[in-house]
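Enquirer: Assembly of the complex is requested from the two constituent chains, each provided in isolation within its own frame, with the hints serving as guidance.
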Amino acid sequence: MEGVRALLKGLATTLKILFRKPVTEQYPEVKRPLPARSRAVIILTRDPDGEERCVACYLCSAVCPVSCISMQSAEREDGRRYPRWFRINFARCIYCGLCEEACPTLAIQLTPHFETSQRDILKLVYEKEDLLVNHGGKNRDYNFYRHAGVTMVGDKGTHIDEQKPVDVKSNLP
Amino acid sequence: MILTWVLGLVFLVAKLSVVLILLLTCAAYLVWVERKLLGRMQARYGPNRAGRYGLLQPMVDVIKLITKEDTVPKGASKVIFLLAPGVVAFITLLIFAVVPFGRNITLWGRPVPLVITDLNIGLLFVLALSSISVYGIALGGWASNSKYSLLGGIRGAAQMISYEIPLGLSLVPVVMLARSFSLVEITHAQSGYPFILVQPVSFIIFLIAAVAEIKRIPFDLPEAENELGAGYHTEYSGMRFGLFFLGEYITMIILGSLVAIFFLGGWHGPFLPPILWFLVKVGVIVFALIWFRATFPRIRYDQLMNTGWKVLIPAALLNIIATGAFILAKS
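For the record, the sequence lines run as chains C and G.
All residue numbers for the first sequence refer to the working numbering, where the first residue is 1 and numbers rise by one.
All residue numbers for the second sequence refer to the working numbering, where the first residue is 1001 and numbers rise by one.
Treat the hints as calculated values from the structure; they're not laboratory data.
Computed from a prediction, not measured in an experiment: that's the story for all the values here.
Virtual Cβ for every residue (Gly too), placed ideally from N, Cα, C.
Do not take every clue at face value.
[What the hints assert, rightly or not] Which residues of chain C face chain G? A few of them, derived with a C-beta cut under 7 Å, are:
hint : residue
1    : G10
2    : L11
3    : T14
4    : I17
5    : L18
6    : P22
7    : V23
8    : T24
Chain G extracted, bound-state conformation (with noise of 0.2 Å):
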């Protein structure tokens, strides 16, 4: 009895720190992937110095952000001002606890799900906490005390606030498919067709809203370069800095499973690994964002407030009326 439950413990605390090395790995790999292939859309090499084809160039990067000075504004409020980027990171790592990226596999006679936590309210889990999120950038824009950074701050706070509801209400068609708010349910519904055949319109509403949640251009006006400075997190240096940017790589890479859950059909697929297509719809998706961050100019902030609020959220709630006629009439 008490040697299972150790065992459990065991296997538990192994796989958190197999998913947690990989996922940092992964995000600071995706610094790497994202500064080469933006380079190469813009006819440039990107990074190619540090190792073969630069691929030392995120270990170089994390030690020159370790050694460099922490720095402080004056006047800023310091407890908080220091807990922010811990927020970020800390959070966003906390969302990937629901995300299952494969079919269950037994491990020495014991079944090992491919999920952390199996919650039967993850999908409302993964939103809360993208909501609380905020505060990581509100607080540190606001605690800051520089005027860049407070427009930041509120910048971010606005544009997540509004953007959250169109990501919301265009998961409800989603939940009312699969008839779950478990992420492992929502992959199983999508065994057969993944779900952005039937519902392309909440795809799109969900990618855009998304894509405005991350912060990540076309919607980065809480870090517009050529007018906030670095916005928010202007005044940070060194690991601090570092921790907002992991925050920022590691919701990418949580934007691509997520997308892939909810309408790609997570980890299924033929002939290959169920954990390899999950890979594959993830890089899909964050090559998309990549993408996106090469080509489109950023948005102005009235037209990012009229697209959240006049576009998004009334196409998604006549999404959601549109799929309840459609499965009423079907039953």
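So that you can see chain C by itself, here it is in the shape it has in the complex (with noise of 0.2 Å):
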């Protein structure tokens, strides 16, 4: 009896719900915002002043378990390091944000946009173009040479969080 009792009351619990608005989202039609961190398609980002961020130093295609991420470096009259050509193969890319993490000037960032199926692979093979865009992504304010310690950007200990450079001989023993 009890055995009988159970079996009914699962029933009406399937009855209840069929009468009851499912829960799916309909995908193409109703797209849910997704999280700021979520990680999909990755951008190179700009800094405040409208540079570009990256400095061309390799860590981002040395930390890719996948090796998608392939770049040439190049250095501009100033010094100043960028890449001059950079290429992310999308279709080897497996959106683990390990570049992300590894980057020191914050300029390779994973985005929510992840609608970039493609019927020929060969375009997913992004190129610096492609990839880099005008704003400064998650961080925004950010600018590596303002808080680096190099000369390129004001002298040393004038950067943001920096202190005075240490007289290296008034603290001899």
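Expert: Structure (structure tokens):
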């Protein structure tokens, strides 16, 4: 008897749900806004001055577990480095986000935009002009050169969060 | 003389084709109905992309199945492997030959019985054919040369043979009440009241045994997806797999018709035309089958055997004795 009641209870539950509105989101028609930190297509951002952030240090390329990032570094006349060309093969990319973590200048970032499927696999190889955007991505105010202690922008000790250079001769024992 | 004979033949062929086409269409759309209902019972939508409300889904599925590659696994017993799904689909279609689905009608001055053939041993014919369809499962599973298929086939054979007995026994009281093996006569015997009112135990035993017989949840051990891949049809692809499925869905309709005929009074009913009553009753049973599928978990193998041999068969036997005593006492 107990068993029969349990069976009937189960039947009642499914019957009740039959008349409820389904919870499914109809994807192509309804697009749920994704979290800002969800990981999909990669972009190259610019700093607040409009310069490209990437300094072609190859860290992202080195850390990439599937080796889908390649670039060629170059140097401007004022000594600032930049990638001459920058290529990401999204057919190979696994969207792990390690490149973003490795990047010292916040140049390479993952975005929530994921609808990039193509019939032709070669169209998934993005060049620098496809990757470069005109904003700072997740951290728009960050400027690597104003933080780092290189003399390219301002002298030593004038950068944000930087201490004055220590006179090494003054702290001899 | 010869003209009447030819006319009769033409009528028969026409009736056969109409019933066959309707039955196949119903089976195809039953897949849609089942997926839709299952979806809604699980708070999903079910198919809704192909056509409005996914109504073209069955057609699209058939096209997909036909255009798929028809593979035969290495080491398979080829002839049996290729024949098995045909056996299943063919036999299930045959069962429908004795199912009466409406009162006799008159077309152009000729009486047309709404049944393919009124066999005087129709009930035995149904039971015999449903036993033969074990062959399709067992041979298909054995011929695939795959462990999963073999296990599925063995389970299918064991289960169907075990549940054949309560299935047959539960119909004995019906035959005793109707005093006939013919499905048409059994329907006629219920013009006053449906047999479910006097034989509720029989009805429950028949329903349980029949669900086991057509291998549906909660008795779908022969194709238990999470243990056996897909059971006896693991190795099948394309339209041969489709034939297994066609057979399964036609058996669903046939089970609905049989329950309607044996216990719910067939096409008898007030107000509505007979054929509509029949469809309504079949629909209710088919809905119940889908409802069970959405609700119940699969039972274990030993539980399956226990229910069959230790519960259903004794209950059916007692029910026969009780019915016999009752009929004797009344006369």
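Enquirer: Against each hint, give a clear statement of whether it holds in the structure.
Expert: Hint-by-hint comparison with the structure:
| no. | hint | result |
| --- | --- | --- |
| 1 | G10 | holds, 4 Å |
| 2 | L11 | holds, 5 Å |
| 3 | T14 | holds, 5 Å |
| 4 | I17 | holds, 6 Å |
| 5 | L18 | holds, 5 Å |
| 6 | P22 | holds, 5 Å |
| 7 | V23 | holds, 5 Å |
| 8 | T24 | holds, 5 Å |
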